[in-house]
Amino acid sequence: MLCKDLVIIGGGPAGLAAALEAAEQGVKDVMIVERDSGLGGILQQCIHNGFGLHVFKEELTGPEYAQKFIDKLENTGVEVLLDTMVIEITPDKRIFAVNSRIGVLEIQSKAVILAMGCRERTRGALNIPGFRPAGIFTAGTAQRYVNIEGYMPGKEIVILGSGDIGLIMARRFTLEGAKVKCVLEIMPYSNGLTRNVVQCLEDYGIPLRLSHTVIDIHGKKRVEGVTVAKVDENLKPILSTAEFIPCDTLLLSVGLIPENELTKMTGADFDASTQGPMVNQRMETSCEGIFACGNVLHVHDLVDFVTMEARLAARGAAQYLKEKDGSCRGTKVIAGEGLRYVLPHAVCVEKMLDEKLNFFMRSTRPMNKAKLVIESENGIVKTKMLSYLKPSEMINIELKKSEIEKAEGHLKFILQEEGVLQ
Amino acid sequence: MSDKRNVTCIICPVGCRIEVELENEDILNLSGYRCKRGLQYAKDEVTSPKRILTTTVRLKARSAHVLPVRTRAPIPRSCMKDAMKELKSVFVCPPVKMGDVVLKDVAGTGVDVIASRSWTE
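Chains A and B, in that order, are what the protein sequence lines are.
In terms of the numbering used here, the first sequence opens at residue 1 and continues consecutively.
In terms of the numbering used here, the second sequence opens at residue 1001 and continues consecutively.
Any given hint could turn out to be false.
Quick list of in silico lysine-lysine cross-link-like pairs, DSSO-like style, CA-CA up to 30 Å [as the list claims (entries may be wrong)]:
#1 A:K356 <-> A:K401
#2 A:K155 <-> B:K1043
#3 B:K1050 <-> A:K179
#4 A:K322 <-> A:K401
#5 B:K1097 <-> A:K68
#6 A:K401 <-> A:K390
#7 B:K1004 <-> A:K390
#8 B:K1050 <-> A:K57
#9 B:K1036 <-> A:K68
#10 B:K1043 <-> A:K390
#11 B:K1097 <-> A:K390
#12 A:K68 <-> A:K28
#13 B:K1050 <-> B:K1085
#14 B:K1104 <-> A:K68
#15 B:K1088 <-> A:K68
#16 A:K179 <-> B:K1104
#17 A:K179 <-> B:K1081
#18 A:K68 <-> A:K230
#19 B:K1036 <-> A:K72
#20 A:K179 <-> A:K236
#21 A:K390 <-> A:K57
#22 A:K28 <-> B:K1060
#23 B:K1085 <-> A:K179
#24 B:K1060 <-> A:K68
#25 B:K1050 <-> A:K68
#26 A:K72 <-> A:K93
#27 A:K179 <-> A:K230
#28 A:K155 <-> B:K1060
#29 B:K1104 <-> A:K57
#30 A:K356 <-> B:K1036
#31 B:K1085 <-> A:K155
#32 B:K1060 <-> A:K72
#33 A:K324 <-> A:K93
#34 B:K1043 <-> A:K369
#35 A:K236 <-> A:K369
#36 B:K1050 <-> A:K155
#37 A:K57 <-> B:K1036
Interface residues of chain A toward chain B, partial, derived using beta-carbon atoms under 7 Å [to be verified]:
#38 N49
#39 E64
#40 Q67
The set of hints was computed from the structure by calculation and includes no laboratory data.
Even for Gly, the Cβ is constructed at its ideal location relative to N, Cα and C.
Input sequences plus hints: build the corresponding full structure.
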């Protein structure tokens, strides 16, 4: 059995940043366990630019962003175990993993950072009727085919869902000579970042059809087309608007799910809205010494925030390893009206790593103008005016230690819309 | 005759909606931007829109077939197609380092195409 101070599960952006920060904090015996054959995770297939504006103050592609961390990792002494899949983790931080060289490995770690990322929702989650022909891919799978394997999965493409990967793939397919017929979004607003709607669709004249969905998939061996229809305000298809669109490929960009099978084994408390574990100010789950960061915690729209969160988790782990203190919860954080969730879920003021703390949250719906109110049992802690809010663009609010200290009982975040949507 | 065009700024995730008033290609007025970069972006966007091109080129490596690349700087949107065409015939042999030039002066833009990641074998 191996013994480690800190094991990081996952070598994507969250795992890489956590490993580097842990090494910088002086944590010895750090190991990354990664199931792929290389580091970088999903960044390696995200060859488009737009990464790193916050962390590096320059615009990088996904592989460049990853490479910067991989290069730095070389001289840190962090051990990297590739092609290795973690299959079990116990609440007392015993990890079981498998690979084809060693077989089963057992690692006892003093602290663990969960950085497994997320996976895509598939057709099975959508209940679209029709046959099961070849030619239906999640957007990320198609992205891997094109950008890593070097294959084009289709020629005439319809994309369901306006998630960022779907938008990015619309442009990628177009550049590679395929015809992207349209992007369909069931909601009345886009689920992707504004810049992706502009750069990936508008630039190439690809129509974005809001309040539309696929109601049938045609073709027995290969996709031959899809039937699309407009939906009403209850998201139910209006059959009189049904229309057949011929295509050979259907891409699904319909959401991401944090990959928490391992987290569940630890018995940590979960947040039903993020589908990830609940964490405190240092990204520690309710299971002592087990931390989480990145998309396993909540799905991010910018990798920069993943990096910041991972650094915080690593500093939290370093603090835990030094002080051997439990998972203190302290002040409870509540997502009130207008918000889907707020992270972290609890703040233990005495254990705060900085004089300030960032809170991440998402609105329940698009709002042109809204007032964010943060209140506790003894009154309002802070208010802030926000504009152009979209559920797809994460809100980041900083609170000072002194502000959190004053709050009694809980911190409740409420988003009140001002004025009416245009 | 003046003409109004809306530009969504993509420089940062804020995504300012900038309104540009034009008269015969001349900019009369700009509003809605929150920083200097946004102002410049809106001006460029209505006169000569530019984008960074990201794509892949062929790679002769043991474990991979393609290498991610990008233009070092933004190139005119109108040159995208020609650039893609030129990059179709580029073949890279490892070792390659992130930032290495894989194609000089793509599509007559004066901009080089560089590798987005390193590859040793």
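Do the hints match the structure? See the list:
Distance restraint check for K356 (chain A) and K401 (chain A): the Cα-Cα separation of roughly 5 Å lies within the 30 Å cut-off, and the hinted pair is therefore satisfied. Distance check on the hinted pair: K155 (chain A) and K1043 (chain B) sit about 36 Å apart at the alpha-carbon level, beyond 30 Å; violated. In summary, the hint linking K1050 (chain B) to K179 (chain A) is supported, as the alpha carbons are separated by about 22 Å, within the 30 Å threshold. At roughly 22 Å between alpha-carbon atoms, K322 (chain A) and K401 (chain A) fall within 30 Å of each other, so this suggested pair holds.
The hinted pair formed by K1097 (chain B) and K68 (chain A) meets the criterion: a straight-line CA distance of about 12 Å does not exceed 30 Å. In summary, the hint linking K401 (chain A) to K390 (chain A) is supported, as the alpha carbons are separated by about 28 Å, within the 30 Å threshold. Taking the CA atoms of K1004 (chain B) and K390 (chain A), the gap is near 25 Å; set against the 30 Å cutoff, the hint holds. Straight-line distance between C-alpha atoms of K1050 (chain B) and K57 (chain A) comes to about 20 Å, which keeps the hinted pair within the 30 Å bound.
About 29 Å separates the Cα atoms of K1036 (chain B) and K68 (chain A), which keeps this hinted pair within 30 Å; it holds. Restraint check for K1043 (chain B) and K390 (chain A): satisfied, since their Cα atoms lie roughly 26 Å apart, inside the 30 Å limit. Annotation: proposed proximity of K1097 (chain B) to K390 (chain A) is violated, straight-line Cα distance about 38 Å (limit 30 Å). Distance check on the hinted pair: K68 (chain A) and K28 (chain A) sit about 22 Å apart at the alpha-carbon level, within 30 Å; holds.
A distance of roughly 18 Å separates the Cα atoms of K1050 (chain B) and K1085 (chain B); the hinted pair therefore holds under the 30 Å criterion. With a CA separation close to 24 Å, the supplied pair K1104 (chain B) and K68 (chain A) stays within the 30 Å bound. Restraint check for K1088 (chain B) and K68 (chain A): satisfied, since their Cα atoms lie roughly 27 Å apart, inside the 30 Å limit. Distance restraint check for K179 (chain A) and K1104 (chain B): the Cα-Cα separation of roughly 29 Å lies within the 30 Å cut-off, and the hinted pair is therefore satisfied.
For the suggested pair K179 (chain A) and K1081 (chain B), the alpha carbons sit about 14 Å apart, so the restraint of at most 30 Å is met. Annotation: proposed proximity of K68 (chain A) to K230 (chain A) is violated, straight-line Cα distance about 45 Å (limit 30 Å). Straight-line distance between C-alpha atoms of K1036 (chain B) and K72 (chain A) comes to about 33 Å, which puts the hinted pair past the 30 Å bound. In summary, the hint linking K179 (chain A) to K236 (chain A) is supported, as the alpha carbons are separated by about 28 Å, within the 30 Å threshold.
Simply put, K390 (chain A) and K57 (chain A) have alpha-carbon atoms about 24 Å apart, close enough for the 30 Å limit, and the pair holds. Distance check on the hinted pair: K28 (chain A) and K1060 (chain B) sit about 38 Å apart at the alpha-carbon level, beyond 30 Å; violated. Proposed proximity of K1085 (chain B) and K179 (chain A) is supported: the alpha carbons are some 16 Å apart, at most 30 Å. Between the alpha carbons of K1060 (chain B) and K68 (chain A) the distance comes to roughly 23 Å, so the proposed pair stays at or under 30 Å and holds.
Using a Cα cut-off of 30 Å, the hinted pair K1050 (chain B) and K68 (chain A) holds, with the two alpha carbons roughly 26 Å apart. Between K72 (chain A) and K93 (chain A), the direct Cα distance comes to roughly 27 Å. Compliance with the 30 Å bound is thereby established for this hinted pair. Between K179 (chain A) and K230 (chain A) the CA atoms are separated by roughly 22 Å; this keeps the pair inside 30 Å, and the hint holds. Our distance criterion of 30 Å between C-alpha atoms is met by K155 (chain A) and K1060 (chain B), whose separation comes to about 25 Å.
Pair hint K1104 (chain B) plus K57 (chain A) holds up; C-alpha atoms about 26 Å apart against a cutoff of 30 Å. Between K356 (chain A) and K1036 (chain B), the direct Cα distance comes to roughly 29 Å. Compliance with the 30 Å bound is thereby established for this hinted pair. Distance check on the hinted pair: K1085 (chain B) and K155 (chain A) sit about 17 Å apart at the alpha-carbon level, within 30 Å; holds. With a C-alpha separation of about 26 Å, the suggested pair K1060 (chain B) and K72 (chain A) falls inside the 30 Å cut-off, and the hint holds.
Pair hint K324 (chain A) plus K93 (chain A) holds up; C-alpha atoms about 14 Å apart against a cutoff of 30 Å. Between the alpha carbons of K1043 (chain B) and K369 (chain A) the distance comes to roughly 26 Å, so the proposed pair stays at or under 30 Å and holds. Between K236 (chain A) and K369 (chain A) the CA atoms are separated by roughly 29 Å; this keeps the pair inside 30 Å, and the hint holds. For the proposed pair K1050 (chain B) and K155 (chain A), the alpha carbon gap of about 27 Å is at most 30 Å, so the pair holds.
A distance of roughly 16 Å separates the Cα atoms of K57 (chain A) and K1036 (chain B); the hinted pair therefore holds under the 30 Å criterion. Hint status for N49 (chain A) relative to chain B: holds, with the closest Cβ pair at about 5 Å, below 7 Å. About 5 Å separates the beta-carbon of E64 (chain A) from the nearest beta-carbon of chain B, less than 7 Å, and the hint is met. Of the supplied interface hints, the one on Q67 (chain A) holds, with its beta-carbon coming within about 5 Å of a beta-carbon of chain B, less than 7 Å.
Against the hints set out earlier in the document, violations occur for numbers 2, 11, 18, 19, 22.
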